[in-house]
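Colleague: Make the full structure from the sequences, and use the hints.
Protein chains: 2
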Amino acid sequence: MSTTSFSVDLRDLHFVLFDQLAAHEQLAAIPRFAELDREVYEATLAEGERLAREVLAPINAPGDLEGCSFDGQGNVTTPKGYREAWEVLREGGWLAPSAPSELGGSGLPFAVHVCLSEMLCGACMAFMMYAGLTVGAARVILGHGPEATREMIARKMFTGEWGGTMCLTEAGAGSSVGDNRCRATPTDEPGVYLLEGEKIFISGGDQDLTTNIVHLVLARTPNAGKGTKGLSLFMVPKYEFDAGGALGARNGAKVLRIEEKMGIHGSSTCVLGLGGDQPCRGVLIGQENQGIELMFLMMNEARIGVAVQGHAIAAAAYNYARGYARERIQGQSIREARSQDAPSVPIVQHPDVRRMLMTQKVYAEAMRSLLLRMALVVDREHATDDPAERERLRGRVDLLTPILKATCTDVGFEVAVGAVQVYGGYGYIGEYPVEQLVRDVKICSIYEGTNGIQAMDLVGRKLRIGGGALFIDWMQEAQGRLAAATEAGLAGPAEAIGKAVQLLAASAMHLAGLGKARKVEAAMMQAVPFTRMFGLVLLGIECVEQALVAARLRQTRGDEPLLVGKQRNLEFFVAAILPQAIALGKSIQSNDESALDPALFA
Amino acid sequence: MSTTSFSVDLRDLHFVLFDQLAAHEQLAAIPRFAELDREVYEATLAEGERLAREVLAPINAPGDLEGCSFDGQGNVTTPKGYREAWEVLREGGWLAPSAPSELGGSGLPFAVHVCLSEMLCGACMAFMMYAGLTVGAARVILGHGPEATREMIARKMFTGEWGGTMCLTEAGAGSSVGDNRCRATPTDEPGVYLLEGEKIFISGGDQDLTTNIVHLVLARTPNAGKGTKGLSLFMVPKYEFDAGGALGARNGAKVLRIEEKMGIHGSSTCVLGLGGDQPCRGVLIGQENQGIELMFLMMNEARIGVAVQGHAIAAAAYNYARGYARERIQGQSIREARSQDAPSVPIVQHPDVRRMLMTQKVYAEAMRSLLLRMALVVDREHATDDPAERERLRGRVDLLTPILKATCTDVGFEVAVGAVQVYGGYGYIGEYPVEQLVRDVKICSIYEGTNGIQAMDLVGRKLRIGGGALFIDWMQEAQGRLAAATEAGLAGPAEAIGKAVQLLAASAMHLAGLGKARKVEAAMMQAVPFTRMFGLVLLGIECVEQALVAARLRQTRGDEPLLVGKQRNLEFFVAAILPQAIALGKSIQSNDESALDPALFA
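Heads up: the protein sequence lines correspond to chains A and B, in order.
Using UniProt numbering, read the first sequence as starting at 1 and increasing by one per residue.
Using UniProt numbering, read the second sequence as starting at 1 and increasing by one per residue.
Hints are supplied without guarantee of correctness; some may be wrong.
Which copy is meant is left open, because identical chains are indistinguishable; a pair holds if it fits in one copy or across any two.
[Stated by the list, open to error] 20 Å max Cα-Cα, derived SDA-like pairs, lysine to any residue:
#1 K499 / G480
#2 K586 / L503
#3 K519 / E336
#4 K462 / A337
Because the hints were derived from the structure by calculation, they are not lab data.
Note that the structure is predicted; figures quoted are calculated from it, not measured.
Modeller: Right under this line is the structure:
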């Protein structure tokens with residue numbers, strides 16, 4: 001029977017960070033990171049891996065089984081072991097790896113943060129949600145909160161003394177944030193409002209890990225306009241606090257109940273009542289009516305975080321499945337299937353199991369590469385003094401964020417489902433780790449903007465910025481990279497993927513044409529297929545890049561399995577995944593409007 | 001908020017059964033069914049729909065939450081309401097609709113049984129598993145059990161007084177049934193053996209619905225050969241019984257524990273100990289070493305049953321999602337997205353929601369059509385006196401069974417996942433019905449032979465029978481049907497799907513060529529993609545057929561939404577699904593062997 005222990009592909013993380021992206025060199029050019037080097041990064045990853053394995057992985061399955069509990073009085077208890085794990089991560093500064101060290105963070109590059117997130121979320125996604133939302137909220141407060149206290153608050157959050165949440169959704173306002181009805185009435189005290197309403201699906205709306213919780217709440221001030229533009233953002237603490245952070249009275253933001261759900265049972269999903277019995281005080285963040293803009297500062301980062309979750313679960317699932325397939329003995333080699341005396345073999349030897357594992361490997365490794373490339377763009381964007389360069393880098397992040405969020409979460413789910421299939425019947429039972437991963441990762445396609453919303457953001461907004469400027473900038477770079485690969489001896493696969501890039505561009509043009517012809521429904525119906533196609537093409541380009549780097553390294557390091565694997569990844573991608581991207585391109589350009597017939601779904 | 005009530009597409013069932021397949025006419029030609037007519041069938045479906053809605057749907061979510069419990073003494077308690085529902089279905093004769101009426105069944109055609117299964121499994125799959133396995137085991141006993149008692153036993157099972165199970169899997173023998181180690185030692189009593197061993201994953205291994213349970217157990221007699229050919233089949237009752245069926249002593253087949261699992265919580269998944277503390281008596285079914293052959297009688301029927309489960313969940317999920325999308329008001333029409341004053345609309349109006357629903361609709365309706373066509377083949381096969389005709393029909397069922405099992409279960413899962421996405425955040429929480437469907441249906445890709453095993457059965461066995469005779473017979477019929485569609489005015493889609501049929505044939509030839517070249521691993525690595533491609537092509541042909549029938553009916557019945565929908569289904573299939581089948585064909589013929597590199601997964 002398998003040991004089914006959690007593991008991390010540290011060697012592949014090193015390959016991507018150092019061999020492929022030369023992250024240590026790119027980061028050395030950024031003043032904030034000038035004193036960090038490869039050795040520091042490797043030591044950080046090694047310690048992160050240990051924490052993931054020793055501290056978080058052991059609480060994942062028990063936390064899933066136990067779930068959170070609610071006392072009916074507004075208080076949530078997290079599963080056994082969560083508080084102890086929070087303390088361990090808190091003391092080591094692992095909750096906010098890329099927050100400024102002068103404010104209690106660890107001052108690491110975002111790219112290293114993403115590596116750590118892969119490990120820690122892969123080990124226990126439900127637990128890490130508390131950290132992710134806390135850090136996201138802290139950044140908004142640090143940038144736009146009350147000047148006198150913003151640093152104090154952010155420090156308490158970055159260090160995990162206080163928690164944070166984002167409160168957008170209401171029962172009648174999920175994807176349509178603009179339908180928010182929560183009200184905020186000014187008081188005599190400047191900047192202080194009384195909030196009334198009910199928010200739902202609030203992750204970490206209450207928990208017993210931190211002494212206080214700061215909710216960021218979207219609400220509408222009196223006489224504000226309809227839609228998203230009439231929304232303002234408020235900082236709503238669980239407990240009031242003074243300028244030094246000493247806690248005062250309980251505020252009127254209270255959890256009314258928690259949801260039973262498919263997965264992430266260790267993460268409390270709360271209905272949060274504001275006002276009602278007890279006044280709920282909130283402090284305006286930024287200006288009135290600036291709420292959606294500020295919330296999107298947090299949301300954009302959160303979307304990258306969700307893409308990382310999708311990948312983290314994929315990586316964990318693949319590693320479990322690979323480990324299981326190597327240990328589980330069953331059936332004879334297909335070459336000896338007719339011999340009664342042939343020995344039984346590990347199932348990793350069966351071709352269909354290898355096909356499943358290969359699919360998982362290619363996706364997990366290509367997503368890792370894609371996310372870390374993106375993370376370095378974020379690091380460079382934050383660091384540059386050149387406004388034009390910052391705008392270009394920001395544009396790249398803006399373009400890719402919805403694609404990565406949608407692709408890594410949908411593919412992450414598929415990889416987890418594939419891991420269940422490798423385990424067979426054992427994959428379906430709770431004794432083994434993979435069915436939980438399927439249930440946990442499913443939320444990633446839904447929250448922080450459903451993947452349908454991501455696709456509409458891409459097709460309806462990002463593709464249209466500057467007349468397609470972001471897309472054209474990306475495409476030129478992609479074609480350059482593929483041309484370099486052709487030059488370097490990978491002509492076959494590089495050209496195959498280049499054709500997909502062309503088809504992607506033609507698909508984008510086609511959708512733009514539909515828009516111009518006022519066939520906006522027909523265009524938006526293709527938004528998800530287009531986003532998926534774009535995501536697959538991005539993954540394919542990473543496969544090319546990795547194969548190129550691996551080929552170069554093999555000249556000095558020989559045929560290390562990891563390096564040989566990169567060539568195989570590319571072959572598999574071109575043979576088995578690229579045709580799906582091409583098929584999507586054909587669908588997108590089909591002009592099909594069948595689903596729009598009003599006779600349907602009646 | 002949505003009512004989220006369970007519903008059945010009765011109108012589409014009528015369309016398929018009567019308008020498309022003329023099942024009532026086909027069945028009228030079968031003597032056993034000569035006295036049945038369309039009116040009887042419609043009344044039966046109407047009552048089945050009522051039972052599904054009123055009796056089973058209400059116990060589905062509570063049973064999922066409560067699950068089965070085990071007392072540590074071998075006894076399983078099913079969730080609240082299961083016993084009452086069992087009595088209702090038992091009294092009405094709904095547990096074994098197609099079993100002979102002279103033995104307690106309802107004597108209905110298998111095609112009608114499949115319609116009822118769609119409704120009843122869709123309403124509560126976990127509950128219906130007890131019935132399905134009982135009926136399957138009863139059929140084996142009726143055909144091959146002890147002559148003196150087989151009818152008595154079968155009657156008790158068909159009427160739901162006794163239950164039944166199939167016991168193949170052991171901890172070291174899942175997909176490799178031939179590795180079974182359970183032992184059977186003859187006693188002095190003829191035909192009676194003492195069994196020793198442990199079976200796992202036994203659905204319904206114990207329950208509190210029936211007074212007795214008859215396990216069908218694979219075990220190895222002394223000196224029997226290795227592999228599947230040394231296995232014999234035994235009838236192992238929970239309680240001994242006499243020739244009249246009066247119960248005697250408790251037999252030594254006892255549940256040792258039940259599994260926690262991802263879904264189907266209402267169905268007990270048991271570890272069954274045989275022997276040990278207490279002798280376990282079993283009666284040989286058929287001859288020694290005939291076990292696998294007899295078990296496959298049950299297994300083949302069970303595989304069709306699992307395909308029906310996959311479709312049933314898809315149909316239920318689509319109906320939930322459609323109902324929710326029509327009721328859930330959120331967001332403005334995309335045409336008015338910039339107007340703050342535009343009214344909010346039901347989400348069914350949003351193009352991406354329509355795309356998701358359309359995908360679900362096409363799959364659910366095409367699977368229904370495919371399964372009922374297959375069910376009628378089974379009915380005709382059972383009825384015919386002509387050995388050649390029987391062999392031909394049997395061959396068709398043999399060819400299609402693994403494809404339908406794999407396709408309907410994988411697609412059923414995808415449809416359920418799509419339904420969750422339509423619900424958005426609400427889809428993820430237990431208060432709404434769809435996340436349970438995802439968890440329940442996932443087992444269908446695994447049990448009764450994983451979908452990888454189905455694919456190996458198709459490519460390694462079924463395609464090779466008679467030098468490809470089954471495939472050629474199917475292809476000729478398919479081409480004939482497509483030619484007729486072309487003739488009747490559907491040239492575009494029929495030819496597009498015809499090209500996919502050609503590519504499927506070329507893919508089959510390609511795999512055969514790999515086999516001949518002794519590249520058996522490379523061939524088997526494509527077994528699952530080939531099976532999926534075949535399944536998609538089958539679904540496409542059903543779309544063509546349905547569009548053809550609908551076009552004819554529109555001449556007299558006008559543009560009924562159901563009829564218009566069939567034309568739209570075909571358009572959507574050709575635009576959005578067929579390209580995926582083509583892409584698979586390209587993958588299959590890629591000669592890719594990347595995943596076979598021994599450097600990988602080490």
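Colleague: State whether the alpha carbon distance between K519 and E336 is at most 20 Å within one copy, between copies, both, or neither.
Modeller: between (58 Å within a copy, 13 Å between copies)
Colleague: I want to check one pair: K499 and G480. Are their C-alpha atoms no more than 20 Å apart within a copy, between two copies, both, or neither?
Modeller: Result: close within a single copy only, 13 Å intra versus 36 Å inter.
Colleague: Given identical chains, is K586 near L503, meaning Cα to Cα at most 20 Å, within a copy, between copies, both, or neither?
Modeller: Close inside one copy (8 Å) and across copies (17 Å); limit 20 Å.
Colleague: Should K462 paired with A337 be assigned to within, between, both, or neither, using CA atoms and 20 Å as the limit?
Modeller: Answer is between: at 16 Å across copies they meet the 20 Å cutoff, but 54 Å inside does not.
Violated hints: none; the structure is consistent with every hint.
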